[in-house]
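Here is what each chain is made of, one letter per residue.
There are 2 protein chains.
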Amino acid sequence: MAKQLFLHINRFIKINEKDFREMLSFFELHTFDKKDIIMNPGNRCNNNFFVLEGCVHMYFTNDNGIDRTVQFAIENWWITDNLAYYKKSITNFGIQAVEPTQILSLSHSKQEQLLAKFPSLEKYFRIVYQISYGSSIMKTKYLYEFSKEDIYFHFTSHYPWFAQRVPQYLIASFLGLTPEYVSEIKNKKRS
Amino acid sequence: MAKQLFLHINRFIKINEKDFREMLSFFELHTFDKKDIIMNPGNRCNNNFFVLEGCVHMYFTNDNGIDRTVQFAIENWWITDNLAYYKKSITNFGIQAVEPTQILSLSHSKQEQLLAKFPSLEKYFRIVYQISYGSSIMKTKYLYEFSKEDIYFHFTSHYPWFAQRVPQYLIASFLGLTPEYVSEIKNKKRS
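Protein chains in written order, with UniProt numbering: chain U, 1 to 191; chain G, 1 to 191.
Hints were generated in silico from the structure; no laboratory data involved. Errors might be hidden in some of the hints.
Put simply, identical chains are the same to the list, so a pair is met inside one copy or across any two.
[Claimed, not checked] Lysine to any residue pairs mimicking SDA-like chemistry, simulated, CA-CA at most 25 angstroms apart:
#1 186 x 41
#2 14 x 179
#3 148 x 175
#4 35 x 168
#5 141 x 44
#6 139 x 127
Note that the coordinates shown come from a computational prediction; the quantities given were computed from them, not determined experimentally.
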């Protein structure tokens, strides 16, 4: 069970199966159906989530009542509102399952206990956050590098497996576009 | 010397002055004039930078030869292309001083030695990256939340001390706007 997390941790630091079984006791396993809400905006952000299977997105709702996706997580990705998780404060973001999803959740207090018991995991999380942070800056570069017209086609041609997997309106939202605009440029390209 | 870094580390973990003096021996101190290049795009990304004094920005140059700012760092911020730093690969980003700046640089190999010698610093860097990553996602929210017209005024009214300190064209670039567009909306607001 949760073999993926064992393998993921072992990409960055070395842990044995016995220690891993003890580490796992700090986590909770949850299963969600497609469209289920995993984290509610307006609540205290108490959990960090590791995706074992499936796909989720993190979003906020703008003043016009429209959800905007800021991040996806598939297998082997961690996801939460990290500022709110760190501060144990209210989050403005929601997390929702895009597919049937299985996750491990780690509460803030359990994370503190886990890291006190296994300080070597600090290195694991340091690297996970370093890579996530670096990727997030690369996404900013991406958003600034391409025109509105180009970004959708550039993204879907570079990540075709992801574009197959996730609904078009969520990819549009993630790229800062409206679904209507994506339909328009796809029609234009066809004609 | 470098008292800021000592105080910054002690916000998150406890270290004493004797250990800190030894930690400091892994860093190099550099001083830059306004507009000096600190990291060159196209080179291997070997260093992570802690700003002691001044302000820098990280940018890339788009296909039209225009520099786009993706990040700033002022006192007590770390800055580098974290994906390239982690992978020891070529970076597409440059880092330039916006003001006369004093930084501490930590090379990739020195960071490994430092963390091997002082593993408690893993927790420090884990928290630094966690907060940086969380802030980067909040910036995405910001970019998606406001219209092109609103984002400049929202940013400068929320961070007036920063808007005072940094040239307008760099703030425009950081917010995904052209300097001409900012002049236009400022004129429109005045009239």
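Structure-inconsistent hints, enumerated in ascending order: Of the numbered hints, 1, 2 do not hold.
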